[in-house]
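**Student:** Here is how the chains run, residue by residue.
Protein chains: 2
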Amino acid sequence: MSILAIGTVAFDVIETPFKSAEQVLGGSATYITLAARYFTDPVRLVAVVGNDFPESYINILRDQGVDLGGLEVDAEGKTFAWGGRYHYDLNQRDTLYTHLNVLETFDPVVPEAYRKSRVVCLGNLDPDIQRRVLDQMDGPELVVCDTMNFWIENTPQSLRMLLKRIDCLIINDSEARELAEEPNLIVAARLIRAMGPRVLVIKKGEHGAMLFIDDVVFVAPAYPLEDIQDPTGAGDVFMGGFAGYIAREEHINTEALKRAVIYGSAMASFSVERFGPDRLLDLTEEEINTRLDAFRDLSTIPTIVPLVGITP
Amino acid sequence: MSILAIGTVAFDVIETPFKSAEQVLGGSATYITLAARYFTDPVRLVAVVGNDFPESYINILRDQGVDLGGLEVDAEGKTFAWGGRYHYDLNQRDTLYTHLNVLETFDPVVPEAYRKSRVVCLGNLDPDIQRRVLDQMDGPELVVCDTMNFWIENTPQSLRMLLKRIDCLIINDSEARELAEEPNLIVAARLIRAMGPRVLVIKKGEHGAMLFIDDVVFVAPAYPLEDIQDPTGAGDVFMGGFAGYIAREEHINTEALKRAVIYGSAMASFSVERFGPDRLLDLTEEEINTRLDAFRDLSTIPTIVPLVGITP
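Top to bottom, those sequences are chains P and D. Take 10 as the starting number for the first sequence in my numbering and just add one per residue. Take 10 as the starting number for the second sequence in my numbering and just add one per residue.
A couple of the hints might just be wrong.
The list cannot tell twin chains apart, which means a pair is met if one copy fits it or any two copies do.
Pairs of lysine to aspartate or glutamate, EDC-like flavour, derived with a Cα cap of 20 angstroms [what the hints assert, rightly or not]:
id: 1; residue 1: Lys267; residue 2: Asp306
id: 2; residue 1: Lys28; residue 2: Asp236
id: 3; residue 1: Lys213; residue 2: Glu235
id: 4; residue 1: Lys173; residue 2: Asp137
id: 5; residue 1: Lys213; residue 2: Asp98
id: 6; residue 1: Lys87; residue 2: Asp61
id: 7; residue 1: Lys267; residue 2: Asp302
id: 8; residue 1: Lys28; residue 2: Asp103
id: 9; residue 1: Lys28; residue 2: Glu235
id: 10; residue 1: Lys125; residue 2: Glu150
id: 11; residue 1: Lys213; residue 2: Asp182
id: 12; residue 1: Lys28; residue 2: Asp287
id: 13; residue 1: Lys87; residue 2: Glu191
id: 14; residue 1: Lys28; residue 2: Asp98
id: 15; residue 1: Lys267; residue 2: Glu64
id: 16; residue 1: Lys28; residue 2: Glu282
Don't read these hints as lab results, they were simulated from the structure.
Pulled out of the complex, with its shape left as it was, chain P reads as follows (with noise of 0.2 angstroms):
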C-alpha cells in the first residue's frame, strides 16, 4: 500500500577510515525511500534538488521503483549539502559543513496523487516544513516521524506541536533523553508519548531498538556486525523498512509494530555494510529474509521451566 516520504534529498560528501568521497547521494529521503521499496508500493517522495543534481542520480531513485512526481528541481539553487567525518571507532561523527541551499526556501507541495497515502514518513527536517505536508494529507493511518537535537534546542515550540500531530515518533537514545530532559530512557518514553505520539521507537545504535506502544515495551538486538564500513543515513533506513514494512501490513497493531522493527533493524544492518546507499540497491528477497532468521535466533530465549521450590 501507499506511503509518502517527506525529507532531504542531499549531496553528501562522507570520510570514513576505509573511504572518502564527495558527491554521494544522500539524504533522508533518499535512505527512507530507498529502504521503504523493499517492501510496499508504491513509495512516493516529496523533497527539492537544485539546479545542480544529476539526471544520473534521478534515474537511480526511479530505477529503485521510487515514485518522483513529488520531487522540485528548483532551478535558482544548489542541491542540499552536507559533509561528515567519522572516527576511528564510527560510533562517532564530526559534521564538516551542512549548506541548507534549496532547503532555506522550501515551501513542499504534496500532489494531487499522494495526499491519500496511507502511511506518511516525516523524515528529519524543520518541524515547520513537517507540518505543511501534515496540511495536506487526506486522513493518513499512520504519520512516522523523526527529529533531531537541532530541532529539538532551536524549535522547540514547533516540534511540540507537531509531536501532537503524529502517531509515531522514531529518534535515538540521546536524542530522547534530551527531547525529554530525563536521564532514565524508560522514564523518557513515558514523557515523550505525553507529548503525542502513541507509538515511540527509540535507536540505540549497536545496542538495538525499543518499541513503546500502550504498555508493551519490545526490545529489538542489533545485528551483530563485525566490519560497518559508513553508518550514514543508518536511521533514515531505519524508518524506511520500518514504515515502509508497516505500509504493507493490512492491520497497523502492536505484532505489526513490533515486526516492523525488526525490519527495520535488519534494513538498518545492511546499509551500513557499504559505502553510502550502494547496499541497498541490490539487495535480494533471499538476503533479508536470512536475516529476520537471524534476528530471530539472536533473541529467542529457550524455553523455561518455571522454579518451583526454591525459596529457603
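Starting from the known structure of chain P, fit chain D onto it as the hints suggest.
**Tutor:** This is chain D only, laid out in the frame that chain P set:
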C-alpha cells in the same frame, strides 16, 4: 548442585540521590552468593573479613542459606571497605575510596569439602588470588570469572594467565573494549575468546547483555525499570544468578547458558530496585517466575511471513 564463589565481603558506603548509608553489607562474594542461593544448594563462599565484621551480617548470609565454611575472619585486620557516590542519572559513579585492609594479605584456602564444587565463580579480585583458588579446585565443570578495568590495566600478565584457565568471562562493555583494545564489541568478543574463555558474557547495563559461545550470539534485553534505587552489586548479582542457574542445569550447553543470561539479568533487575542487597533478601519464587515471563514478552518477535516477490 554445588557452586563455590570467591570474592570480597565488604563494608560499603553508598551515596545515591535517594539515600546514603555507611557500613552497608557489600562485596562481590556477598552479592554473588545472595543471588545464586535462589537456584542451587550448596552455595559456598570463600572470602575474608576483619575483626570488625558484625555477627549480624554473618547471620544475614547464613539465614539466606549461604555456606560460610570458607569465610575466614582475620583477627589482625579490618574488613575491606569501599565507598561510592552515584550521579543524578545513576549511570555514573565516583569511587570515594577503596580500603583493601584484610585483602592485602588474603591467601584463600578452599576447604577440603569445597574442592569438588561443580561451578566456580571467581568474583572480581586480584587475578593472582583468583588463580590460587583454581589451583585448589578438583576439576570443576564450569569456571566463571569477573574482572575489572583496574586489573586489565595494572596486572595484564596475570590476567592473561587466568583467562587461559577459565570457561566463561563475564565483563561489562567498556571492560571488553579495553581488554581487547578494540571499539567494535563484536570484534572485541572474538579477540577476548581467543585469549581463553570459550564463553563470554558482555553486560551492557540498561542495554542488556550479550552471550557469545561457538558461533552463537545471544542478545538479552534489560528489564525496563523506571525506578532504580541503587546499582551497587548489579554486576555481581548477574553473575550469581547466571552461575547459580547453571549449577542447577543437568547439561551445561548453549541453551542452558542462554537461560542463565536471562536469570542473571532478572536477578540484577531486582537487585537495583532497592538499596544495597536488600531486595535479594526477600524475593519469592513467584516474583522470579513472573519476571522471567516479562523477559520473554520483551523480546519475543511475532511470527513473520517471509517476503515473496519484492525485488523489482
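**Student:** If a hint holds in the structure, say so; if it does not, say that too.
**Tutor:** Hint by hint, here is what the structure shows:
no., hint, verdict
1, Lys267 with Asp306, "both (16 angstroms within a copy, 11 angstroms between copies)"
2, Lys28 with Asp236, "within (13 angstroms within a copy, 44 angstroms between copies)"
3, Lys213 with Glu235, "both (17 angstroms within a copy, 18 angstroms between copies)"
4, Lys173 with Asp137, "within (13 angstroms within a copy, 59 angstroms between copies)"
5, Lys213 with Asp98, "both (16 angstroms within a copy, 18 angstroms between copies)"
6, Lys87 with Asp61, "within (6 angstroms within a copy, 76 angstroms between copies)"
7, Lys267 with Asp302, "both (15 angstroms within a copy, 18 angstroms between copies)"
8, Lys28 with Asp103, "within (16 angstroms within a copy, 40 angstroms between copies)"
9, Lys28 with Glu235, "within (17 angstroms within a copy, 42 angstroms between copies)"
10, Lys125 with Glu150, "within (9 angstroms within a copy, 64 angstroms between copies)"
11, Lys213 with Asp182, "both (6 angstroms within a copy, 15 angstroms between copies)"
12, Lys28 with Asp287, "within (13 angstroms within a copy, 53 angstroms between copies)"
13, Lys87 with Glu191, "neither (39 angstroms within a copy, 41 angstroms between copies)"
14, Lys28 with Asp98, "within (14 angstroms within a copy, 38 angstroms between copies)"
15, Lys267 with Glu64, "neither (38 angstroms within a copy, 52 angstroms between copies)"
16, Lys28 with Glu282, "within (13 angstroms within a copy, 47 angstroms between copies)"
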